[in-house]
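Those protein sequences? They're chains X and Y, same order as listed.
The first sequence runs contiguously to residue 274 in the UniProt record's numbering.
The second sequence runs contiguously to residue 274 in the UniProt record's numbering.
Errors might be hidden in some of the hints.
Copies of the same chain are indistinguishable here, so a pair counts whether it falls within one copy or spans any two.
Unchecked claim - In silico PhoX-like links for lysine-lysine, alpha-carbon gap of 20 Å or less:
#1 LYS34 - LYS94
#2 LYS94 - LYS22
#3 LYS51 - LYS7
#4 LYS37 - LYS18
#5 LYS22 - LYS87
#6 LYS18 - LYS229
#7 LYS18 - LYS34
#8 LYS121 - LYS34
#9 LYS22 - LYS34
Read the hints as simulated data drawn from the structure, not as lab findings.
There are 2 protein chains.
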Amino acid sequence: MSDQDNKEISETFLELAKNEFKIESIDKEVEQFKIRKMESAYNERDTLIEKIPSFWKIVLSQHLDFANYIRASDFKYIDAIEKITVKYASDIEKIGSFSITFHFNEIKDDLPEQIITKKFKLVKIGPKQRSDEEGEDDNTKETELDDIESDERLISEVCDIEWPKEYNSINPDLIEDKKSPEGKKNYRQGMKSFFGWFRWTGLKPGKEFPHGDSLATLLSEDLYPYCVKYYTEAQRDFADEDSYSDDTSEEGIDLSEEEQDNDEEPAKKKIHTS
Amino acid sequence: MSDQDNKEISETFLELAKNEFKIESIDKEVEQFKIRKMESAYNERDTLIEKIPSFWKIVLSQHLDFANYIRASDFKYIDAIEKITVKYASDIEKIGSFSITFHFNEIKDDLPEQIITKKFKLVKIGPKQRSDEEGEDDNTKETELDDIESDERLISEVCDIEWPKEYNSINPDLIEDKKSPEGKKNYRQGMKSFFGWFRWTGLKPGKEFPHGDSLATLLSEDLYPYCVKYYTEAQRDFADEDSYSDDTSEEGIDLSEEEQDNDEEPAKKKIHTS
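The following block holds chain X by itself, in its conformation from the complex (with noise of 0.2 Å):
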């Protein structure tokens, strides 16, 4: 490449970069539209939800990806989560921040009863720092529109508390050597547990909750807002399973046969399935 190429090249990046800035300014903007827009709808819906019995017990225990972050043990508590809320920041600097409030039922001799609110912030990572924390060196032209690609992140504050009588053993605050090995293999097992996500910050990987920004995000992106999805789903799973147990038992129908009935178009069932 001739020199006015690569100076060409390197004026085009330039734009394209202010570009990105433009394109990334819009997506603020839009968002926070959004957040405006939806907060009534949302709000209504809260108060909706509340008299359903059971809601988030059926919408937590129906998300698959959401059980990846929860070990068996501690379904019992998330059964116990009555209420779940998100507000999101909608001041143009604050975007990408929101707050999550857990309301818990009372598990007698074992969990109080209490509302939990966990903050997180969003926060950019500016390259410079990038480049430092993955230790490159500086690259010339590619840096250019490095630059605009910049990371964020989230991070949170450690949130007050009250863990399972159950969790004595596990639970931070009791544990009396945190740097025996037994102490150690203890507080490990806290920090993996689902109340060990209210510690998570973001600030010491390796030493909290495990992906604790991915499920804060998973809460805030997926299961808040599409837990009326997630909720008619399980309704209608549970429907699908009676009506499956009806057939076989009350009238003894052969499944196999009756789908073969139904299945005027066969190459369907392959697309939805695969």
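Once you've looked at the hints, dock chain Y against the given chain X.
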């Protein structure tokens, strides 16, 4: 549950259904706001990208998910794509519909230069229709909530595109006897090629390009909006490869040692890679 309780829950479900409609309509409004805001920034970007050699070739070969839709033998023709643009419908009743335009470079004696636009339309599948398709029975209580979770699907029209000469044997327009075993086999092969995707309609599942709608969505919701991000990542990867090969060949640095030196926070890597 008492009749009174049942009645109250039914009413709540009805209210929730109305609320979901409200949320759905806000979603469309937000999407419209975004499309209108983004239009000029995207147009500006299209013009800038044209000045960067092999931009789309680099983006398309970088993207792992895209590769899942493309047979290895098709990549020669993917590399011939000089430009991709996506136009999003912004009328409120057409939100979710879009068109994708591909500019193919000529491949001598094989593929002519051509500009092809494929249009996609988002259509609703009403609960009635869905229920027919899935062969479900009516189910009284759930149906109320079910009604609101209307599914949507993409459809398209067969789109004229000149196939490469190399593909003559699997080009559906050139297969003389589509009913012969050989003809059937070739037809299926053709439908699975990237050129087969241009014939995808969404109306003959199992007989068309597999997951043609997902490929369309990948282009419209991921590859086009984030193309600069993917381009930058690809450039960063190239730079990394270069610096690694420099390190080993010219200076003979042991990479494993170098990594240990920089590894102030050993646990961080875990988070990144897992």
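Going down the list of hints, with the structure as the test:
no.	hint	in the structure
1	LYS34 - LYS94	both (14 Å within a copy, 19 Å between copies)
2	LYS94 - LYS22	within (17 Å within a copy, 26 Å between copies)
3	LYS51 - LYS7	between (65 Å within a copy, 12 Å between copies)
4	LYS37 - LYS18	between (29 Å within a copy, 16 Å between copies)
5	LYS22 - LYS87	between (26 Å within a copy, 18 Å between copies)
6	LYS18 - LYS229	between (39 Å within a copy, 14 Å between copies)
7	LYS18 - LYS34	between (25 Å within a copy, 19 Å between copies)
8	LYS121 - LYS34	within (18 Å within a copy, 24 Å between copies)
9	LYS22 - LYS34	both (18 Å within a copy, 13 Å between copies)
The structure shown violates none of the earlier numbered hints.
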